[in-house]
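Colleague: Residues per chain are reported as follows:
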Amino acid sequence: MSLFLIVALPFFGALLPGLMNSAGRSACAGVTFTVTLAAFVGLLTNLPSIFAGEVIVARVDWMPSLGLNFTLMLDGLGFFFALLILGIGLLIIAYARNYLSRDDNMGEFFTYLLLFQGAMAGIVLSDNILLLLIFWEMTSLSSFLLIGFWKHLPEGRQGARMALTVTGMGGLSMIAGMLILGQIVGSYDLSVILQNRDLIQADALYVPALVLILLGCFAKSAQFPFHFWLPHAMAAPTPVSAYLHSATMVKAGIFLMARMWPVLSGTPEWFVIVTTAGLITMVLGAVIALFKHDLKALLAFSTVSHLGLITMLLGTGTAFGAMAAVFHILNHATFKAALFMSAGIIDHGAHTRDIRRLGGLRKLMPVTFIIASLAALSMAGIPLLNGFLSKEMMLEETYATVLFGMPWLVPALATFGSIFSAAYCFRLIGHVFFGPVRDDYPAAPHDPNLGLWLPPAVLVVLVVVIGLAPFVAEPFVKLVTASVLGDAATLPDVHIKIWHGLVPALYMSIIAVVGGLIMLAVFTPALRIWDRTPRPEAKAIFDSVVEAVARLAQALILPLHNGAFSRYAAIGAVTIFGAGFYAWTSGTVGVPTRAAQAAGPVAIAGWLMLVAATVGMVLLHRNRLLSLILIGIVGLMVSIGFVFFSAPDLAMTQFTVEVVTIILMLLALNFLPNNTPIESTVLRRTRDSAIAIMGGLATFALAYYYLLRDATGVPISEFHLANSYKGGGGTNVVNVILVDFRGFDTYGEIIVLGIAALLIYALTETLLSGPVRARLLNRKPDQPRAGDTHPMMMVVLTRVIMPVVLMVGFYIFLRGHNEPGGGFIAGLIVSIAVVMQYMASGFVWTSARLRYPYHGVIGAGVLIAGFTGMGSWFFGKPFLTSDFTYVRIPPFEKFELATAALFDLGVFLAVLGAVMLSLESLSRLARRAHMEDSEHPMDIDPSRDDTHLDTPETAKEGV
Amino acid sequence: MELLVASAIGILTAGGLYLVLRLRTFPVILGVSLLTYAVNVFLFASGRLTVGAPPILQDGVTNYADPVPQALVLTAIVISFGMTAVVVMISLGAFLGSDDDHVDDQPDETTGTPS
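Protein chains in written order, with the working numbering: chain S, 1 to 959; chain U, 960 to 1074.
Next up, chain U with everything else stripped away, as it sits in the complex (with noise of 0.2 Å):
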């Protein structure tokens, strides 16, 4: 199971980190989320893998999944959310301003430099 999840972080993560790397703005908020994903199962596991404990507390149960890295997930995964939508309205207002969804400043034909 461990080498599954971890695995998985590891596929996320490099599959985050291709799309991050491409050239529109689209597959690049893909990434994004794709490496919050990566991000978030990598803190939560930091609290490593349980099954059938969920830390609500119960009379007679001393083994819990650890509550703290949830926490802070449950915290990350809304901001995400936030982040994700600031990102994809400032790649929607560029790209209705300019007509060109390009992540970087396309080189100016004239002059050969970056405009």
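If we strip away everything but chain S, and leave its shape as in the complex, we get (with noise of 0.2 Å):
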């Protein structure tokens, strides 16, 4: 099966168990086990040629500018880590269908769920290390979501937000390290990558780029000092902690630095960075597991553990390491799944995970005994059961590893630390399953339906098969390990065996079981030890880190950015000045080139009416309505000043564009305060105005200098005037640039106005259903109405005027190509039409007589502006390319047919759509507002018999 396959299948399945879940627990947990057999089954369907030793690789170039492909790749090392990834996943699939309860949202666990399985699969198997990083923080995310799954829980909330927290920062760290790797070698395929390991160890960044890598794998696969995320992340359903915390997210860490290790490994930086932090995370994690009374925490504290301890392996740096390392996440992932899932049965049995309170359990659960006696003992590292094999590999290599010039060090902490892992080993069969029966558990400990035991009860059957023939697995893991050296070492010449002679590592093997039998033994007094030892607790320190941070930031930020808008516009218009003034003075001011042209007495009147105009409105702003007024002035004169600087176009859009503003404010205004009042001090108006004053000089001043001075390169213009008419046939270059050149621009503009619009809807109906609503229906105007409210004379010069505003909308639009118009004037045009029967008759008769929706002419502007645009697919030619041609029908005279006409219809509707709705939805506002709607044309017609309407209350009361 392709490896797009495998990635995108729980991406896209994990649509279905959403779907699925009103048709019950079992088809929705039933299609996310199909989902991922289909993308395991897919995985099998590649072991032959990775057995033949093949590399698969899919491509498809994303953003090759970039160096981003999407680019997958499956060797060993991905197929055996995708294997763990899904084949861990059917179990754990089968196991939370009868573990979760009927309270649980199954449906969303899945999807969350089968999202972390995605992102996942993405990690081990991307072929490009950017398109790794973002697989990377997805499973942080989706992680996420899976921790905190029992929202109501204040540790499962808590948890998810330091698993994020930490894996994040470790993934940002690990984007930053990741970066300098592309950079140094100059692609950012990992293929490519994996063939430089002289490039990049010479180089003088290695060293940051090594840290920050590994700064990235710790955070994830919770390695000291990052260790303490994962005990809290135990909150989550026990499937959740069985699934992540065993086979998949914390391995991730060690999944890259065993993908990274033929280039990065092998270095002193390395080798001690690695060695020491996968050392100190091991005895740590089992010294604390051994005393931690909750299973759960138990076993995570001793995931800590077993993760250090296949970091250290890897930080050796040896082949023997390496194949070491390999075989234990193999071991590890088997009986650490079944253990947690053993964990979950308990507590789903005997309603507790507390030791303290358990005991006795082997003869009330004894399938759970067994299953859960025989993980422990594997994982204590007892002959004929997997993890004795790779934990003698392990005490054999730490026997070889001398670091700080101390032969000793390394293979005497790790005997230490092995004692205490099997001291919590034996802990935890002794004191859950041996000892009496008790009468006081919470509930009644039995075992479980097969749902439940029977997936960890598969995973022992590997341990005990692994642990019996280990000649099994031993092709598989040094075909995974081959992948993972690659050409950096050979693969060790070693076999898999369960007795290797009196050697050291049997030795302290030895005394590790023995030392683990006495640690129990004295476990009580220990216990007293231990709990009178002062220790510092990790999740204060982390509340408190977080803490202080947030305070820093609120430091820095808030004076800065504390809510008030004003602050915000006087600091941004303070920083733009400074950031140009800093230009100005840094750069060359050039000599003028142009010469100022003479200003006659019509220019100087416009421009006197433009300024007492802009003037008056700052003086007189707090009387809104006369602002409105004066605000209509400026925008007349700018239109006017549009005219006379040759731009008829915009003049005409400036016109029209004014008018639906003034309306669109006015109704508003409906609403709002008549009056500003004066509320801020002479002080802060002095600063405003010297920031308004500071603002307006410079823009003056950057006007002024390029105006009078040519463009430094040739103006791309040329080339529009030149090709206007014979590329695009038409002479308004203006409308063949809008329709034609940058016509894709366009397109995405009436998109935008289109959802400005629908925007603006979508407020008034929230405003209309919510409180508001009420308060708008109780509303008493604040000044008298007017007694006529749908005037006579009004009606019928605006039913007159109709046709020939259409009329001229019409021609205006058909002109357009050629001669100043064009779609987006025709539009405004045909809406003031419109709005003018809105005035005149009121919002109900016009509602009444309105055919099409706003809503789809809008869209259905959209639309045919983009199909006009994919016509041109079936020309061969690229999106919106536009073709012309004139046609003569007689008796007319030769004209032009343009697919760019088609294009301007399609932006004539969306403006004509999103202009009225925007005011439509203005003016439902002001109808609710009024007891009773008139659905006559006009309120005083004489050939009506009925005329009540003309009662003193209505007239009164009319919009």
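Some hints could be false.
[To be verified] Residues from chain U that face chain S, not an exhaustive set, calculated with beta carbons under 10 Å:
1. Leu963
2. Thr972
3. Leu976
4. Tyr977
5. Arg981
6. Gly1011
7. Leu1016
8. Gly1019
9. Ala1024
10. Leu1031
11. Val1032
12. Ile1038
13. Thr1043
14. Val1047
[Claimed, not checked] Simulated restraints, written as ranges between beta carbons of each label pair:
15. Ser1057/U x Met793/S: 25 to 33 Å
16. Ser1057/U x Ala595/S: 55 to 63 Å
17. Ser1057/U x Lys780/S: 12 to 20 Å
18. Asn675/S x Ser1057/U: 35 to 43 Å
19. Tyr725/S x Ser1057/U: 55 to 63 Å
20. Ser1057/U x Lys877/S: 52 to 60 Å
21. Leu558/S x Ser1057/U: 17 to 25 Å
22. Ser1057/U x Leu683/S: 23 to 31 Å
23. Phe12/S x Ser1057/U: 40 to 48 Å
24. Ser1057/U x Asp710/S: 51 to 59 Å
25. Ser1057/U x Ile755/S: 25 to 33 Å
26. Thr34/S x Ser1057/U: 50 to 58 Å
Read the hints as simulated data drawn from the structure, not as lab findings. Where is the CB? At the ideal position from N, CA and C, for every residue including glycine.
Since each chain comes alone in its own frame, lean on the hints to assemble the complex.
Modeller: Given below as structure tokens:
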């Protein structure tokens, strides 16, 4: 099966459990299981090629210019991890079906689980490190959702947050490290990076990159000093713990260390950092685990310890160490997942996971006893089980490892850790299953149904089979090891055997087991000592660090970012001014190359009106209606300015937009207070004036500067002028740019406009369905209404003028390609014609005559424009390639047919729909505000008999 | 003429900035509108000022106003209507919801911190 499909299946499959949720819990789990099984089988179809030593690559270029390609690679190592992820995933799904209670939303759970599974599969199959980072972050996010799945538990939420913080921070560090690595090699493809060991290790940035990448790995794989998050993540449902914290998520860091092993390992830095961190984690985790009373906490710390063991093995940098690491990853995944599931079974049966309250379960839960004991004995390193084999290899490796010049250090510490490791395994068996049967369990313990015990049983079978017949696993382990080693080292010529002879590792093993039994015997006094020893509480430290960082961020941010818009605006203006000032003073100022044009009296008069209106607005802005009139003057003067400076299209657009904007503002002002009170202090007004004058001077200086100088390069408008008629078939260059040269921009713009209108509609809906509605209905107008709200003169006039305006709009639209006009302007003109009907006869009357909803008009516009663009695909041309031809239908003159006109029709409809939807939404607010709506076109109609509307109350209440 | 246009841009910017820094929504909306005019004219003027030569191709005419800034500004005008409408709607919703048209959160009288 294609690698893409293997990674994609869980992601697409993640849609299914949610859909199947209502079909029942079994259907929900079944569909998840099927999806995973499909991916699993797909993976297995690649097994022959993997055993043949091939590396399967699937590649799609995504953003080649950034070095980001969707490249997947399957080699032995990737296959191994994918097998663990999907295989154990299958068991976990079956287990979770029986574990989750009826109160849990199973669809949600399996959706998260599949997302996580897909992200993990993505990590281990990525060939591009940028892609790998994306999947890496996705595992952090999806594991957050899984760990915090029981949202009602505060520990769950806190644990999920802590996991996300630690692994997320690690991910950030990892990104930095990976980017450095990519820069050194010049490629982000793993297959290329893995070929460049010497180049990377000789680079000056090798150590920073190594440290950053290792930080990410250590955070993910819970290595010291980041080990503290894993036990807190145990608040998750047990299937999550079993999946994430035995076989997958925490192994991601290990995976990456193994993946990068050929290029990063072998240096003193790698050896010291990785081995030390692994060793400390291993010992620390084992010691803490022994004294934990919660079964899952014990297992969590034992996981930390075993991850440390694997890390240490990878750190030694020898081929044998890598092989031991690979083998132990496999063994740990099998027995630890089984143990987590057993812990869940005990929790399920006895309703407690506290070891102090358990004991004697051997007789009550025989099946669970066998499963858990075998797995725990394997973890302790008892012969004939798989844990013994890899532990033996580990001890053998430590015997040959010299850290800090002390040959005894590593073996001694490893043995010390192993004693505790054996001890907690024995404690798990002894204190939970052995001892007398008690009569104070919170619930009667009993063996679970098949669905719960079969998944761990399958794993325990593996534990025993590998333990008894290691030669079964050996070819596979060697295959994986070979792909870990790459070209950096050769595969060691050893065999995994139960009996090695009387070697030091065997003595160390014996010491560990015997020491473990002794520790268990003296557990009670040891626990007393442990309880008395003061220890740093990781959660408290973490919380105080988070709080300190949050306080620091607040201290830095709050003065700038306190939620006050005026402050942002002021700071923004001053900052922009400062940046501009810096650019101005640090750049060169050229001499003027254009002569100033003389200004005639008309221009000066227009300028005076504009300035007077602007200054008047500033001075009189407290009178809101007056300032609205003044801004109308400003807009009018700007439109006239456009006419004057050879921009007829702009003038028409500005003029029509001006009309609809003023109507919009008037509608809003209907609800807002009519005056702005004086609130700001004189000091504040002075400060604002200073900022305003400063900004004004800056824009003035900039505009004046470039108006007197020619562009430094040749403007692209030369091209547009030259090709407008030849290529676009139109003489109005502005319109041809809009619908042809830059058609894609325009397409985006009409979509934005449509979205803005829909947003307004949505806001109105929200207001009208909330508490505001009652307020609007009970609102008393703050000033007397007109006696005749729909006057006959206006009604008659707007009816008469409607076809005329529509005709003008049609004309403006048609001529747009060659003369000033086009879809934008026509859309605005037609919307003004419609708005006039609303104004004359009111909302209800007009809406009743509306045949198409405005949403539909917007959608039709965008679709027409889009389909016009897509039409060019059928001729093998890129999106929005336009074409035109000339036709002559007698008796008319020859005229032009252009696809651009169709596109312009889309623009026209979108603009019309957007403007109308915005205004209509606002006026809907006004409609609700008053009691009665007239269904008649005008209030006083001589031809109508019922003149009851002409009563004093309703006359005052109309719109 | 250049002086007139440049100073008009400056005055529109100054007026717009002053109004944007006011405390109530309506003047801020007007201020944003003034800034929109200023920005549009500024962009338009980057094609330099040309009188009596609209970019409508005609035989025998070689001197035209720069069409590119015009096309850019044309869409900007229409979009700015959409944005103004959204801002108006948001401020209206805020006012109708809380009976308060302040732009910034008002300090809570009991605690003295912004609510």
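Colleague: So, for every hint listed, does it hold in this structure?
Modeller: Outcome of the hint check:
1. Annotation: interface hint on Leu963/U holds; nearest CB of chain S at approximately 5 Å, less than 10 Å.
2. Residue-level restraint check for Thr972/U holds (minimum Cβ-Cβ distance to chain S is 4 Å; threshold 10 Å).
3. A hinted interface residue such as Leu976/U counts as satisfied when its beta carbon comes closer than 10 Å to some beta carbon of chain S; here the least separation is about 4 Å, so the hint holds.
4. About 4 Å separates the beta-carbon of Tyr977/U from the nearest beta-carbon of chain S, less than 10 Å, and the hint is met.
5. The interface hint given for Arg981/U holds, since its Cβ lies 7 Å from the closest Cβ of chain S, which is under the 10 Å cut-off.
6. For the restraint placing Gly1011/U at the interface with chain S, the shortest Cβ-Cβ distance is roughly 6 Å, inside the 10 Å limit, so the hint holds.
7. Below 10 Å, beta-carbon pairs count as interface contacts, and Leu1016/U has one with chain S at about 4 Å; its hint therefore holds.
8. For Gly1019/U, the interface hint is violated, since its Cβ never comes within 10 Å of a Cβ in chain S; the closest pair sits about 13 Å apart.
9. For Ala1024/U, the interface hint holds, the least distance from its beta-carbon to any beta-carbon of chain S being 4 Å, beneath 10 Å.
10. Interface restraint check: Leu1031/U against chain S, minimum CB-CB distance 8 Å, threshold 10 Å, status holds.
11. Interface hint status for Val1032/U: upheld, as the beta-carbon distance to the closest one in chain S is roughly 6 Å, under 10 Å.
12. The beta carbon of Ile1038/U comes within 6 Å of a beta carbon in chain S, closer than 10 Å, and the hint placing it at the interface holds.
13. With a least beta-carbon distance of about 6 Å to chain S, the hint placing Thr1043/U at the interface is held under the 10 Å criterion.
14. This hint holds: Val1047/U has a C-beta 5 Å from the nearest C-beta of chain S, less than the 10 Å allowed.
15. Checked against the given bound of 25 to 33 Å, the beta carbons of Ser1057/U and Met793/S, roughly 40 Å apart, lie outside it.
16. A beta carbon spacing of about 56 Å between Ser1057/U and Ala595/S agrees with the range 55 to 63 Å that was offered as a hint.
17. One distance hint, 12 to 20 Å for the beta-carbon pair Ser1057/U and Lys780/S, holds here, with the actual separation near 18 Å.
18. As the Cβ distance of Asn675/S to Ser1057/U is approximately 19 Å, the hint placing it in 35 to 43 Å is violated.
19. Between Tyr725/S and Ser1057/U the beta carbon distance is about 57 Å. The supplied range of 55 to 63 Å therefore holds.
20. Our hint of 52 to 60 Å for Ser1057/U and Lys877/S holds, since their Cβ atoms are close to 54 Å apart.
21. Hint check: Leu558/S to Ser1057/U, Cβ distance near 23 Å, so the stated range 17 to 25 Å holds.
22. For the hinted restraint 23 to 31 Å between Ser1057/U and Leu683/S, the CB-CB distance of approximately 27 Å keeps it satisfied.
23. The hint said 40 to 48 Å for the Cβ distance between Phe12/S and Ser1057/U, and at roughly 45 Å that hint holds.
24. At about 53 Å, the CB distance of Ser1057/U to Asp710/S agrees with the hint of 51 to 59 Å.
25. Roughly 26 Å separates the CB atoms of Ser1057/U and Ile755/S, a value that falls within the hinted 25 to 33 Å.
26. For the hinted restraint 50 to 58 Å between Thr34/S and Ser1057/U, the CB-CB distance of approximately 52 Å keeps it satisfied.
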